[in-house]
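S.K.: Now for the letters of each chain:
2 protein chains.
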Amino acid sequence: MELKTLKLNIEAGGPYIVVLNDEDANELGVISSDRLFVRHEDLHAICIINISSGSKPGQLGVYKEVAEKLELEEEDLVYVEPARRPESLDFIREKVNGERLVSWKIARIVGDVVERHLSDIEIAAFVTALHVYGVSMEEVEALSRAMIWSGKTLDFEKEIVLDKHSIGGVPGDKTTLVAVPIVAAAGYTIPKSSSRAITSPAGTADRMEALCPVDLEYEEIREVVKEVGACIVWGGSIDLAPADDLFIRVEYPLSIDPLLLPSIMSKKKAMGSTHVVVDIPVGINAKIKTITEGDQLANDFIELGSRFDMNIECALTEGDQPIAYNIGPILEAKEALQTLNGEGPHELVNKATNIAGILLEMTGNPNGREMAQELIKSGKAMEKMREIIGAQGGNQEVRIEDLVPGDKTYDVQAPRDGRVLYINNRDLVQIARAAGTPSSKKSGLKLFAKLGDAIKEGETIFRVYSEKTSKLENAVKLLEDLYPMEIGKKVGESMLMKRIGKPTVPSREFILER
Amino acid sequence: MELKTLKLNIEAGGPYIVVLNDEDANELGVISSDRLFVRHEDLHAICIINISSGSKPGQLGVYKEVAEKLELEEEDLVYVEPARRPESLDFIREKVNGERLVSWKIARIVGDVVERHLSDIEIAAFVTALHVYGVSMEEVEALSRAMIWSGKTLDFEKEIVLDKHSIGGVPGDKTTLVAVPIVAAAGYTIPKSSSRAITSPAGTADRMEALCPVDLEYEEIREVVKEVGACIVWGGSIDLAPADDLFIRVEYPLSIDPLLLPSIMSKKKAMGSTHVVVDIPVGINAKIKTITEGDQLANDFIELGSRFDMNIECALTEGDQPIAYNIGPILEAKEALQTLNGEGPHELVNKATNIAGILLEMTGNPNGREMAQELIKSGKAMEKMREIIGAQGGNQEVRIEDLVPGDKTYDVQAPRDGRVLYINNRDLVQIARAAGTPSSKKSGLKLFAKLGDAIKEGETIFRVYSEKTSKLENAVKLLEDLYPMEIGKKVGESMLMKRIGKPTVPSREFILER
Chain G
1 MELKTLKLNI EAGGPYIVVL NDEDANELGV ISSDRLFVRH EDLHAICIIN
51 ISSGSKPGQL GVYKEVAEKL ELEEEDLVYV EPARRPESLD FIREKVNGER
101 LVSWKIARIV GDVVERHLSD IEIAAFVTAL HVYGVSMEEV EALSRAMIWS
151 GKTLDFEKEI VLDKHSIGGV PGDKTTLVAV PIVAAAGYTI PKSSSRAITS
201 PAGTADRMEA LCPVDLEYEE IREVVKEVGA CIVWGGSIDL APADDLFIRV
251 EYPLSIDPLL LPSIMSKKKA MGSTHVVVDI PVGINAKIKT ITEGDQLAND
301 FIELGSRFDM NIECALTEGD QPIAYNIGPI LEAKEALQTL NGEGPHELVN
351 KATNIAGILL EMTGNPNGRE MAQELIKSGK AMEKMREIIG AQGGNQEVRI
401 EDLVPGDKTY DVQAPRDGRV LYINNRDLVQ IARAAGTPSS KKSGLKLFAK
451 LGDAIKEGET IFRVYSEKTS KLENAVKLLE DLYPMEIGKK VGESMLMKRI
501 GKPTVPSREF ILER
Chain W
1 MELKTLKLNI EAGGPYIVVL NDEDANELGV ISSDRLFVRH EDLHAICIIN
51 ISSGSKPGQL GVYKEVAEKL ELEEEDLVYV EPARRPESLD FIREKVNGER
101 LVSWKIARIV GDVVERHLSD IEIAAFVTAL HVYGVSMEEV EALSRAMIWS
151 GKTLDFEKEI VLDKHSIGGV PGDKTTLVAV PIVAAAGYTI PKSSSRAITS
201 PAGTADRMEA LCPVDLEYEE IREVVKEVGA CIVWGGSIDL APADDLFIRV
251 EYPLSIDPLL LPSIMSKKKA MGSTHVVVDI PVGINAKIKT ITEGDQLAND
301 FIELGSRFDM NIECALTEGD QPIAYNIGPI LEAKEALQTL NGEGPHELVN
351 KATNIAGILL EMTGNPNGRE MAQELIKSGK AMEKMREIIG AQGGNQEVRI
401 EDLVPGDKTY DVQAPRDGRV LYINNRDLVQ IARAAGTPSS KKSGLKLFAK
451 LGDAIKEGET IFRVYSEKTS KLENAVKLLE DLYPMEIGKK VGESMLMKRI
501 GKPTVPSREF ILER
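In the order they appear, the protein sequences are chains G and W.
Per the numbering used here, the very first residue in the first sequence carries number 1; after that it's consecutive.
Per the numbering used here, the very first residue in the second sequence carries number 1; after that it's consecutive.
These are computed hints drawn from the structure, not numbers from a lab.
Since this is a predicted model, take the numbers as computed values, not measurements.
There could be a bad hint or two in this list.
[Unchecked claim] Once the Cα atoms are required to be at most 25 Å apart in a straight line, the calculated DMTMM-like pairs of lysine to aspartate or glutamate come out as: (1) Lys-56/W / Asp-215/G; (2) Lys-477/W / Glu-2/G; (3) Lys-7/W / Glu-75/G; (4) Lys-7/G / Glu-397/W; (5) Lys-64/G / Glu-220/W; (6) Lys-64/W / Asp-22/G; (7) Lys-7/G / Glu-65/W.
Work out the full structure: start from the sequences and follow the hints.
M.R.: Dropping the structure here:
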């Protein structure tokens, strides 16, 4: 059948989609979600069919992705015929029915995700089934390999390439900005690709962006790493694992994360890493709630690493409260530089030197943590950080005191004398985001008290920073509903956590960052 | 924030979707699949956000459904702000995590499906989770009730309202066209709503449409049933269970059917049925493969019926081969009329009088099947069928010989002497659809031999009918790949069913009709 194209001038955001009129669909014997072979001159594509009574007979509505792939103009004549649905759909069905998938079938599914041959409905079913049945180590390995194949890989031409990765979930975690320069200052190669915030106030890429550009091209990254031994860049601009972004589109609304392991592994492998330390924060509000869960995940990482000839060690770390005192891109970048300058809060120093120390020990240094502390003390880590900032195109001479947050502020006071008994990370995240993070780099929060700290009634427990009055007001409005910090005389004084009289919907802020 | 609308002139086909530019999304602190409150004058809607780098800052792309709901013109100014995601999404997540849902949560999910507040991704996850974990009887009941609430219900003001339903899956099943007039001829009220084919060559609505209109309005149906005691209409035009259509959109590409029970129950209840016989075809190519599975499903139907004060009996029927000899709307309508005329093939007579007989016995008649046979013999069933056809606006005097199939035909011959050992229903379905069914009413297949029948080499085993040469050619092309009938000397002569040397993808034509 021949049809005339109608350009819809809108992206489907993923799959190749065409819109058919009822009559033409009947004539072709197809229904919504069937596939259509579409040919325009010597270009062709297999597209997913939407049927709409609104479109005209003889017309084929084409989304932007299809128009681009087939080089279509308005009212171009295209030839169409029904096409088989992709085989990968059968494999998705097998997974939905509880079967373990062999690697070639997984490769086909990931391939068809990247080629945009599968609809949101189909990818959602796959991801849901992975979540429900769990993912076997064979499947994790196959998913990782398929995700590596579908993207680019970098080669830094070094025998040893180090990396660190946090599975995320704790606000204020600027450890990377301290640990990477320490390791690089010891002479190692550590090219760090990181992510922007999705649901948090700041991702590592957002923090680093407060100091220098992070959206570097492939070749620029090679240059930077060659020059200074390290980088801290945004992974999104180098297409390391395009499948991952397409899966995240589906995982986010469902608040599930079955692809955590393959997602991380594929990105590390694509960077050519040989030794990796994985930071697994554990805490009531973190992604991992218990040490047991943390142990299991760590074992999986180590096993998976061995399948990819990669040396992996894991660190379970305290995840009950934000890391150090600052949340938000600028505030966190500042705290990281202070730490490299030897003026950091002890917990951030401790975490960063532990993480860097593990990497240093994995590569044969007898006392990694002391070595890391020494690299801070000597100023070498700070010097290295300035080199990285400069190499990525930032101001190498940046002064810590020039990093200032927004001037619209609101102080939250302790309602009574006591100690900080509980900090609700998710409430703090919501407040920081309402104040403007991550897009407004200067907004955020500064804590003046952490778990166990004594505080007097009326003293400031945290301060909200924003660049805009309206945003600050939004954050303050949220404060009325939320209760991010519990102050009490002693632990156990307030045993009742929540009173529930009728069925409620638990609030669950899902942490997707990975 | 205020934005100017850009009408996309395309239907999303389900949810309310708006398209935001990256920058505006950043400013609002939202990402794809988050929700946006959109207000235009005194109208407002909660919409699902898509983010596209292609759209302009300050602009809000709106799909047709949104434009209609908010009465939007081009470049209208609308106020937007981030909205909470619907609570039902939390309940979907609970289901995805394996929890049993209480009825109010299910009602909320179904309500949000019908209100278009949930995306395809979210509905797909829900349906997948229902399939994977199974649906408890409490959940089935809650789903049924919610689906009834969301649609219209009919009241025929009768104490007893009968109905029959087949769960489908066997081609050529025109039993309804025979059984309904029999039951109505006995003086009962039997308003039958039926479906069009989705993946089969003909649904009951398609078959009946070969004789008279089937897309009647609510009031017309009441009139018809008042006048003649029965109808056979298309359920799609009366909005009995709008949720069902939205679920089917998602179930079809995934080839899963977890909502079978609530879907059927909600439609029966919406028609006010008090006594229902459910036909469950059992066979290797049918939806239900074994008697055990059939027993379980029957028990579920009966239990569910009791929860809705509905008297349900089930009939497990032979589903190994097509019912009688004809497949395709016109051919099947003709075979049904022949059967009512006392000239039907014994298997269709047997099935229809059994089904009608069960209904007659459920309502207190001692020997239902004999009574049904008598109603055919006396001509009363045929007379009633003509009344129904006339009342629905068809030609009451239709002559059987005027029902002629397409004149493009192709005969398939037996390759050897023997008996019909195996019939592949799914292959026959594919051939019939290639020939043009269900949209071309005159296309289809006629079988000349059924399971066990003796046949000689070169004799016609079935004939393909089409209205178009091109369609006939497509069907014939398919014949080369398929092997719909196995002819052999005796059972067991051909024990090898298939030889598999390397991994293959099993072909699975999913049967969704329900």
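S.K.: Give me the numbers of the hints this structure contradicts, sorted from smallest to largest.
M.R.: When the structure is compared with the hints, numbers 4, 5 turn out to be violated.
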